[in-house]
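Protein chains in written order, with our numbering: chain A, 1 to 106; chain S, 1 to 114.
Just so you know, nobody snuck in bad clues.
In silico lysine-lysine, DSSO-like type, Cα no more than 27 Å apart, as pairs: (1) K93/A - K54/A; (2) K93/A - K57/S; (3) K93/A - K70/S; (4) K70/S - K57/S; (5) K98/A - K57/S; (6) K93/A - K71/S; (7) K54/A - K98/A; (8) K70/S - K9/S; (9) K14/S - K57/S; (10) K9/S - K71/S; (11) K98/A - K9/S; (12) K71/S - K57/S; (13) K57/S - K9/S.
Here are the in silico distance ranges between beta carbons for each label pair: (14) A65/A - G16/S: 43 to 49 Å; (15) N18/A - D62/S: 42 to 48 Å; (16) N56/A - K57/S: 29 to 35 Å; (17) A2/S - N56/A: 21 to 27 Å; (18) N18/A - S80/S: 47 to 53 Å; (19) N24/A - A2/S: 32 to 38 Å; (20) T66/A - G77/S: 40 to 46 Å; (21) T66/A - L22/S: 39 to 45 Å; (22) S76/A - A2/S: 28 to 34 Å.
Stretch by stretch, here's where chain A covers chain S in the computed footprint (C-beta under 8 Å, at least three residues): (23) 30-44; (24) 102-114.
None of these hints come from the bench; they were simulated from the model.
Cβ atoms here follow ideal geometry from the backbone N, Cα and C, with glycine treated the same way.
Chain by chain, the residues run as shown.
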Amino acid sequence: GIQVEQSPPDLILQEGANSTLRCNFSDSVNNLQWFHQNPWGQLINLFYIPSGTKQNGRLSATTVATERYSLLYISSSQTTDSGVYFCAVEDDKIIFGKGTRLHILP
Amino acid sequence: NAGVTQTPKFRVLKTGQSMTLLCAQDMNHEYMYWYRQDPGMGLRLIHYSVGEGTTAKGEVPDGYNVSRLKKQNFLLGLESAAPSQTSVYFCASSQQGYFSYEQYFGPGTRLTVT
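Work the whole structure out from these sequences, hints included.
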């Protein structure tokens with residue numbers, strides 16, 4: 001089946017820093033979404049982005065489907081950005097990566 | 001709008017006991033999903049529904065049953081709980097589309113099977 005790899009697995013940054021999270025997938029996919037799970041466990045959808053680029057405030061995402069990767073950019077990090085970021089793809093099955101754990105220090 | 005709610009928030013079961021988790025959404029969404037999340041892992045799809053009265057298997061359906069008698073509710077049942085079913089269970093809903101629309105998640109149910 002399709003493999004989803006996220007990198008880095010862990011990231012510690014100072015407040016105000018920028019970061020790039022990567023999601024690689026091993027085969028072509030129909031759909032791709034990014035999610036944020038906050039330290040209390042709540043999951044929020046960030047982007048539905050099977051291809052192209054989207055922006056929402058300090059967050060943006062780019063998916064290059066032909067090269068089988070997606071990037072999530074976080075600019076001017078805030079402590080509320082802490083948590084785990086998941087990439088998930090769909091090729092008939094919905095497959096989540098293991099996530100990138102982000103810790104923003106005040 | 002409450003969004004997606006889950007009942008209960010926590011539960012401890014003994015091996016062999018049964019229980020039902022309730023998910024409710026007030027967004028008139030067609031699609032609903034049940035996932036489980038194990039420590040250090042992403043989510044895995046258990047079952048999903050594409051509309052009232054329908055259910056379908058996801059990636060890890062064994063040991064679970066579901067029902068969608070009303071559009072706003074999606075129930076997940078464990079007939080004979082096993083320690084391997086200790087997990088956090090998340091319900092989600094989306095307006096349309098299997099994974100082609102934004103998914104909205106409930107707060108989760110933490111289940112421990114001893």
